[in-house]
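Residue numbers (the numbering used here), protein chains in the order written: chain A, 1 to 172; chain L, 1001 to 1360; chain D, 2001 to 2152; chain Z, 3001 to 3377.
Just so you know, the hints here were simulated from the structure itself, not pulled from any lab data. Watch out, some of these pointers could steer you wrong.
Simulated DEER-style distance windows between Cβ atoms [as the list claims (entries may be wrong)]: (1) E53/A to K3304/Z: 30 to 36 Å; (2) N2002/D to N3293/Z: 35 to 41 Å; (3) G38/A to H2045/D: 41 to 47 Å; (4) W23/A to E2131/D: 16 to 22 Å; (5) N3021/Z to Q142/A: 43 to 49 Å; (6) W23/A to G1357/L: 26 to 32 Å; (7) A1043/L to N3021/Z: 36 to 42 Å.
A quick note: this is a predicted structure, and the numbers were derived from the prediction, not measured. All C-beta atoms in this analysis are idealised placements derived from N, C-alpha and C, irrespective of residue type, glycine included.
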Amino acid sequence: MINHPNKELGGWQLFRKYFSELWFGIRTLLKGLRITSGYFFSPKEIITEQYPENRATLKMFDRFKGEVIMSHTAENRHRCTGCGICEMNCPNGSIQVITRKETTPEGKSVRGLDKHIYHLGMCTFCGLCVKSCPSDALAFGQKFEHAVFNRHHLTKVLNQPGSLLQKEIKAS
Amino acid sequence: MNLYDFSSLTQSIHQGLSAMMAPAWVTVTEMVLVGVVFLLFYALVGLALVYIERKVCAFIQNRLGPNRVGPYGLVQTVADLIKLLFKELLMVHKADKFLFNLAPFIVIIASFLAIGALPFAKGLQALDLNVGLFYIISVTSLTVLGILLAGWSSNSKYSLLGAMRSGAQVISYELSVGMSLLTIIIFSGSMQLSVIVDSQADGWWLFKGHVPAFIAFVIFLVASTAETNRGPFDMAEAESELTAGFHTEYSGIKFAFFFLAEYMNMFLAAALAATVFLGGWQPLHFGGLEAFNRVMDFIPPLVWFFGKTFALIYIIMLFKWTFPRLRIDQLLTLEWKYLLPINLVNILVVSWVVLKGWHF
Amino acid sequence: MNHNELHQLLLSHFSEVEVAVGSQFIEMTVAPEGLHEVAKRLCEHHACRMDFLFCQSGVDVNGRLGVVYHVRSTTLKHACVLKCFAEQREGAVLDSVYDIWPAAYAFEREIYDLLGITFHHHPDLRRIFLEDDYRGFPLRKDFIDEINIIHN
Amino acid sequence: MAQTSDSHQVIIGEHEQYTINMGPQHPSTHGVLRFELSLEGETVVGVRSHCGYIHRGIEKMCEVSTYQQIIHLTDRMDYLSAHINNEAVSLCVEKALGIEVPERVKVIRTILSELTRVGSHLLWWSAFGMDMGALTTFFYGMRDREKILDIFEESCGGRLLQSFICPGGLMHDVHPNFVARIRELIPYLRKKLPEYDRLLTGNIILQERTRNIGVLSRQQAIAWGVTGPSGRGSAFSCDVRVHEPYSAYDRVKVNEVLYHQGDTFARYRVRLDEIHESLSILEQLIDQIPEGNDYAVKMKPIIKLPAGDYYQRVETARGELGVYMVSDGEKYPVRVKFRSPNFSNLFVIEQLAVGHKIADLVAISGSLDLVIPDIDR
């Protein structure tokens, strides 16, 4: 199939060239066929994961960035002081920290977390909020099935209702 | 060989009908019967081939293929067909309506016509014309008419480009298809498909016809792949260049017709190759191995026929999923500089062999 | 050629141009009228041979619109920076260097699109990213888009 | 349907041209890029490329982002070289601040960059096969790229967009399995790559379709600023890793892959050879990761670069990425310009494709390895 002008070649050489090229072509094609048919007859090589069926065994890597979560202890206590550093660091404005005035048992008035609002739909998972949090309140969750029918469901409140700050963390 | 003879069955149906009604009505009834059977067969084979193609390509590509609808995804193609039936039929602005609607039917009728002449088993053949081979070649080449019309009437440049490519391609490769079949016509001395099949009772032409028959077989496979517009010769579609070529503007069931016709043409090409080169429904026989031949005889001819056909279809599919697409000028170079000259020389050699009586 | 040699060379050959040693490159600042001529000499002079324009950026600093050319020699392996600031903000015009470095074709279209600097003798100066009827030049500091830009 | 009126008369001339739009939605433009083709029959006589369909104004966004926040934007330019883009910005900021990152960080950054390059080239190979009509290559390339993405995901948490390399070092330390997984990957890829050659490279159809198609001369490559594998296919020695080593490239042996033909096949071979080359770089580096767990230097929460302008070049999988930053000493940069490789590589297609067929245009644009978000930014 090569179209070189070979004026200087004699008849016999042209003839030989014609067939050697033909043979070369067929050989390369057969090589390719051997690979594909080889895979056809080796079903062990199949790598498809059957996703909804393997949900029970499907485990994401520990560091998988599925969503931003706030971990709570068994007593419904979180670690967020409401300082707002995550909000400042977020490049897309997907975090809103709403604070409220709280009074400590000693009678001091401190800032406490009211609502930590997280817009999943705007999040780009850059990880700056988790990295910059001074009290390690935020973390990445493993959940990855985020599809919802209404966009408003993507706006989440990360702190659980009625949750309090963990005792060992000092409120500011 | 006499184990599975369908001619007595067909004869008895014919006699039963003749006893009931006038000869003219018998013909009509038989035609309707055959038509209905072939329609069912057509749909069934089409759906099966789509499924097989998907599975074959999936296994080649380390995938599982369709596996959601039905066991092993068997009903997937039916589901797709239903989806296509419900889709809106789009019409391009300023398209030639009549031709636009006509084109898919031409394509599908062309492939449908050819089935009639295929010998599925002894006595199981609707039309045993004495020019059967010629009939099939001429009827299948009608497909290009539909493709050209589809491309022209779509009022889309992509479609037109695809159609023009297809025209150039099919017309050139038609030559090679005909020429490679000519070798077998010389060998068997007949164009009647039943005669060709019978002539292979003691061995398939692929084996009996020495090297020339093998060369003709390879050329036929390549040329018929090209003629059916399948990869690596899918110039007319050329997904990465022309988006979908001649059927870019078609949707819904009209697209399904093109789709089905493509698979049917592939089936026809493979069936023809199986009939002509691999003995059709004739079982595999080796001279001198009586016991082996006996065992082979017990396998029904339909199994032989479809087994051979699907083996060839597998090869054609393997071509598509392995090779890159050719460019249009390379495609024509391949035909006019390689296949055709080799074919012509091959025919000369075959004639010589037959004259000297060297073949088995 | 190392940093100092290049500095000396540029100083001696481009007397009309302000040559300074930056943190990374030798930086030359040229007036708009001398831009094309200096660029041509940079590219063609046998000791410079800056034949590869690897970056051309439009900037809007200190209230002035300008273009920064990063050029390199593929044979002599040295690089320098050429800066040129337009005289006025509205209707800023510079000479195109497309005929010297064809790579400027795309860069200049981008600068025209986003900063609104017109290039003389550019073969096809159209907007490249934004639609043709877009108003304003987004990368300018005085560009205001109330709807789409969130100011924090 | 016969058209009899004279107004519909078609003039058939010798040089009748027509225009066809390839894109913005087209299978072989790999994104939303539009080629406006002038054709004579099947022969291309003119190409005009139109971009900007997904222009997001990243450069403008950078002007209202702190230097840490820029990182996640660069991921989204050339998403197939996300690590390398991150590295470019990080290096530029570090250079401006005069920070020297720990040795360990340098080595890990280099390893991540090379992994990215291998992954990107694998994906390119898959897509190029698709462009040429060999549909199976796509899955083989993707299958092998998956192994690299797994390594990324385990360490960085993301598969495509990692935001892992940041000013001062890395976001967090690499996973303990990191080294072991790369040690597994190298022999695996070494085993699979000859298969690619047998399946596609050696194939007569591919060779015929790519040899002497879209020849880019060395002068043209330099003049138009075509860098990366596309430039190196034209013998334009432009590998930043060799000429201006950054991170840990100064301690490894990097062989620059150069081909002289300048055609589509040369560009194809450069990329395949670069996979081998990257594997050998990985092999050299994987034993050199210093012990310890320092993954970053302590940075201030708000980075302020000294006033001035800074330029940093790195070699992404598609060519030279330059970051030009102008700072006035505040926490936001005044101007950030990305000299993205694809933006420069794209416009040369208007010369390369002329005189070839449509199918060749697809091959040429495939061999330039265009990533549209990188063009549009």
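**Prompt:** Is the distance from the Cβ of E53/A to the Cβ of K3304/Z consistent with 30 to 36 Å?
**Reply:** With a Cβ separation near 53 Å, E53/A and K3304/Z fall outside 30 to 36 Å, so the hint is violated.
### CB-CB spacing for Q142/A and N3021/Z relative to the 43 to 49 Å hint
Because 44 Å falls inside the window, the suggested range holds.
Query raised in the report: Are W23/A and G1357/L spaced within 26 to 32 Å by their CB atoms?
Result: Holds, at about 31 Å.
### Distance restraint evaluation - W23/A, E2131/D, Cβ atoms, bounds 16 to 22 Å
violated (56 Å)
- prompt: Do N2002/D and N3293/Z keep their Cβ atoms within the hinted range of 35 to 41 Å?
  reply: holds (39 Å)
Between A1043/L and N3021/Z, does the C-beta distance stay in 36 to 42 Å? holds (38 Å)
Indicate whether the distance between the beta carbons of G38/A and H2045/D respects the range 41 to 47 Å. violated (60 Å)
Consistency with the previously given hints fails for numbers 1, 3 and 4, ordered from lowest to highest.
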